[in-house]
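K.L.:
In case you want the letters, here they are:
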Amino acid sequence: MSTAVPTTRGSRFTGAAANYIDERTSISGLVKELGRKIFPDHWSFMLGEVALYSFVTILLSGTFLTFFFQPSMATVTYEGSYIPLKGIDMSAAYQSALDISFDIRGGLLFRQIHHWAALLFIAAIGLHMVRIYFTGAFRKPREINWVIGFVLFILALAEGFTGYSLPDDLLSGNGLRIIDGLIKGLPIVGTWISYLLFGGEFPGNDIVARLFSLHILLLPAILVAALGVHLLLMVINKHTQFAGPGRTNENVVGVPILPVFAAKAGGFFFVVFGIIVLIAAFFTINPIWVYGPYDPSPVSAGTQPDWYIGFADGALRLMPPGLEFVWLNHTWSFNIIIPVVVLGLFIVTVAIYPFVEAWITGDKREHHIAERPRNAPTRTAIGAAGVTFYCVLWAAAGSDLISTHFMLTIEGVTHTLQALVFVGPFVAYHLAKRIALGLQKKDREIALHGFESGRIVRLPGGEYVEIHEQLSEYERWRLVSFVDYKPLMLRPDSRGRISFAQRMRAGLSRWFFEDRISPISRTQIEESDHH
Amino acid sequence: MGIRKTTRMAKNSSPSATAGRKANRRHPLATVALIVIGLVSTGGAYALFSSTASADTPAAVSGAASAAQGEKLFAANCATCHGMNAQGTSVGPSLYGVGAASVSFQVGTGRMPLAQQGPQAEQKPAQFTDAQVADLAAWVASLAPGPGIPDSKYLQGNGNSATGAELFRVNCAMCHNVAGAGGALTEGKFAPALTGVTAAHIYEAMVTGPQNMPVFNDANLTPSQKSDIITYLKYLDTNPSPGGIDLGNLGPVSEGLFIWIFGLGAVVGVTIWIAAKAN
Chain S
1 MSTAVPTTRG
11 SRFTGAAANY
21 IDERTSISGL
31 VKELGRKIFP
41 DHWSFMLGEV
51 ALYSFVTILL
61 SGTFLTFFFQ
71 PSMATVTYEG
81 SYIPLKGIDM
91 SAAYQSALDI
101 SFDIRGGLLF
111 RQIHHWAALL
121 FIAAIGLHMV
131 RIYFTGAFRK
141 PREINWVIGF
151 VLFILALAEG
161 FTGYSLPDDL
171 LSGNGLRIID
181 GLIKGLPIVG
191 TWISYLLFGG
201 EFPGNDIVAR
211 LFSLHILLLP
221 AILVAALGVH
231 LLLMVINKHT
241 QFAGPGRTNE
251 NVVGVPILPV
261 FAAKAGGFFF
271 VVFGIIVLIA
281 AFFTINPIWV
291 YGPYDPSPVS
301 AGTQPDWYIG
311 FADGALRLMP
321 PGLEFVWLNH
331 TWSFNIIIPV
341 VVLGLFIVTV
351 AIYPFVEAWI
361 TGDKREHHIA
371 ERPRNAPTRT
381 AIGAAGVTFY
391 CVLWAAAGSD
401 LISTHFMLTI
411 EGVTHTLQAL
421 VFVGPFVAYH
431 LAKRIALGLQ
441 KKDREIALHG
451 FESGRIVRLP
461 GGEYVEIHEQ
471 LSEYERWRLV
481 SFVDYKPLML
491 RPDSRGRISF
501 AQRMRAGLSR
511 WFFEDRISPI
521 SRTQIEESDH
531 H
Chain W
1 MGIRKTTRMA
11 KNSSPSATAG
21 RKANRRHPLA
31 TVALIVIGLV
41 STGGAYALFS
51 STASADTPAA
61 VSGAASAAQG
71 EKLFAANCAT
81 CHGMNAQGTS
91 VGPSLYGVGA
101 ASVSFQVGTG
111 RMPLAQQGPQ
121 AEQKPAQFTD
131 AQVADLAAWV
141 ASLAPGPGIP
151 DSKYLQGNGN
161 SATGAELFRV
171 NCAMCHNVAG
181 AGGALTEGKF
191 APALTGVTAA
201 HIYEAMVTGP
211 QNMPVFNDAN
221 LTPSQKSDII
231 TYLKYLDTNP
241 SPGGIDLGNL
251 GPVSEGLFIW
261 IFGLGAVVGV
271 TIWIAAKAN
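If you read the sequences in order, they're chains S and W.
If you're matching positions, the first sequence starts at 1 in this note's numbering and goes up one per residue.
If you're matching positions, the second sequence starts at 1 in this note's numbering and goes up one per residue.
Any given hint could be a false lead.
Pairs of lysine to any residue residues, derived as SDA-like cross-links and limited to a Cα-Cα distance of at most 20 Å, are as follows [what the hints assert, rightly or not]: (1) W/K189 <-> S/K264; (2) W/K124 <-> S/I104; (3) S/K486 <-> S/Q502; (4) S/K264 <-> W/W273; (5) W/K189 <-> S/Q502.
Computed beta-carbon distance windows for the label pairs [claimed, not checked]: (6) S/G181 <-> W/N212: 41 to 47 Å; (7) S/F346 <-> W/A275: 44 to 50 Å; (8) W/P214 <-> S/T331: 54 to 60 Å; (9) S/L60 <-> W/T238: 21 to 27 Å; (10) W/N212 <-> S/P296: 20 to 26 Å; (11) S/T75 <-> W/E122: 42 to 48 Å; (12) W/A276 <-> S/S81: 45 to 51 Å; (13) W/A275 <-> S/V31: 23 to 29 Å; (14) W/V215 <-> S/L196: 39 to 45 Å; (15) S/T75 <-> W/P145: 55 to 61 Å.
Honestly, the hints are just simulated from the structure, not real lab data.
No residue lacks a Cβ here, since even glycine has one placed at the ideal position from N, Cα and C.
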């Protein structure tokens, strides 16, 4: 049939061009390989894509901004078109950010696109990470990619924070002041680092230019490189998929990248881009003209960082007073050291979680089937606890707004959140575990006995029974195909001894797997089929 | 049966209630009762007054405020807390020297008469006409000197908004937020949002420092600087944000909530739709 198509000049040209390029780059192998990569379609698998497309949007809009932004803290007098700032002294950086907003055509839209896209970027990464976590998609062979993804997340935070500080307005200056305080609170090295970073006493004259170099050069370069590796590893490791008929640990069921998925993804890019532009066109973000130029004396009520730094700000806000004292001629600010250490531990735990879990479970198999959260109750519970912890800190960053908007006292809100930081994760842990086990039990019921049809039938003997509808083989597959784990058994090693590490591991393994619903065996299924 | 129950309850409750009332002659409850009576009577007076006012020439109403009229209004509405001579009681401060500005602000914004004890006197719909407020202010001002009603030349909003913005950031933003969106103070108190506050009330707030707000006298901020601040606040009121809907001017918190709920919400909605189409 294809021979019937006459070769037009156009197609001859494409063919020749493709040949020319292939002979010099051997790219066809790569295209073929990539083009045949299969991408399963579950909506939650597209969150990473959302992050990717927001990032592309950020790169494009950011490039526009660099054309006009001046990263200089030299003092100038504003003569632009925003009346309530006319004649005010400010830094050249702030002035150029105002000019972008008011005097450069399309500038404000680009600024807003850039900032909204950044917020969406990090939110999408966050949700993407949560999805990976709760489906166990970080398990072998994808642990490395989890770590790379984590690095991307941290880089995104750094990008966000450096960008937030560039316009040199009052809000961003206050944010930097908090960072400065945080750094200075570190014992012994703090003051040195602060002077090094700001080129002298805060705020100095250098910080904007330095952050600018990081923001547009170093951080994006690392980010793009890490992103490349992240995507490459995803291609090499293949995508995970949810269990289903015909979906095994050895295959991936979905659509190949070329042509269907590529077309869809291209379309999806424009959807994400379009949503960002729509938001940017209608909603103000970071109205720097209201904040005014940075000046170390005024601090506005309701000074907050962007949402992704909120958890750190919240941690500082929740620290009770009176933790600062002088010892050995140094000021020890435990009100700063404690949150820094706690958040550091939290972040490191997130980064190395795949290795910790692999060690506890002793699982060395490869996993390509995404686990349903209910089938790994302990992991799900740990995740729920972590998310709760994070969210409480996050909420604490808005404690003043919570209190004004719900007519509460700020002390009440703070004390409640202080308690919740400790209680919340525990409650979430147990609740999530119970729910996961409950759902598993229900799955087991349904797989064995079918689901209730709601049809009541009267038997000839006068007895009433409800008809249970059996699942089809396909539906049942989804419910019963999951890996079962049992707690590790303590076995003495070759010399007949049980090491401490082994004991610990067995203990942790028991904690992980002692509450479990055993999956249904083949014989049980067959038995139930005979009913 | 239902009837018997209610009668029994009434019997049981009445002695204790009277005992309570007897025991606390000057209990706030009595005050509340008095306020209610006062409010009802002023309501009536207001109805009468406004109907006659409309028949009168407007010039007569806006003419010189009558301290004598104010004294009567005060006795009926304010004396329970502030005392017959505004000397103060255990439930309300003395008003000697607070000046006409304070009365005009407190009554004009509906904070006075105070409705209930709370962390701070809340704003309510104003209960008196402008003329009545002026009468009350005139009477209180006649007791002792204090900040007067601001000169209208400072209230035109024709000062320098740039100076005003800078003064506002330095003097007011730590409580009211840079955009005047309001902010939290300790123990449930708060600095209110400043959108839509009249120029006169802004000026009076500065010179009298209501409750937890500091006083900005003419040495701290000259009248023309106050006028600049008013100009800036009016600028914010009349010029919507150039960037579009301002999400309450609450800064990054509202922006973060917005992107999570509407931004990510919309995107996730689309992904679910695409995936559903595919299957």
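K.L.:
Are any of the numbered hints broken by this structure? If so, which, sorted upward?
P.N.:
1, 2, 5, 6, 7, 8, 9 and 15
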